[in-house]
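Participant: Turn these sequences into a full structure, and let the hints steer you where they fit.
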Amino acid sequence: MRMDERYSNAAYGSAGLVAFFASLSLQDWGFIIGVAFSIILGVLTYRLNKREQEKRTRILLEILERTNAGNVPATAHAVAEIAKKAPKEI
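Following the numbering used here, the numbering of the sequence shown begins with 13 at its first residue and continues without gaps.
Misleading hints may appear alongside valid ones.
To be verified - Straight-line alpha carbon distances no greater than 30 Å define the calculated BS3-like cross-link-like pairs of lysine-lysine that follow:
#, residue 1, residue 2
1, Lys-67, Lys-97
2, Lys-96, Lys-62
3, Lys-67, Lys-96
Since the hints were derived computationally from the structure, they do not count as laboratory data.
Facilitator: Written out as structure tokens, the structure is:
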């Protein structure tokens, strides 16, 4: 008798789910799709910004590692080398 209850609950549950989605209007579907699209764009924007910030941080760390406060010409040369390479990475 327990198996009949499982099938009955599955049938009622799936019928209720189908009825819910069938009752949505075109405006509701447009809203749902718009919200999903906005969430996807938000996540992609976050990931892109995070990656760009990591690139910038790596470049700044490389500049910091190559600089020497006592030797200004060498520091300027190191920054110039990194500046040449930076547009290729970004």
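Participant: Could you run down the list of hints and mark each one as holding or not?
Facilitator: Taking the hints in turn, this is what the structure says about them:
no. : hint              : in the structure
1   : Lys-67 <-> Lys-97 : holds (12 Å)
2   : Lys-96 <-> Lys-62 : holds (23 Å)
3   : Lys-67 <-> Lys-96 : holds (15 Å)
The structure agrees with every numbered hint stated previously.
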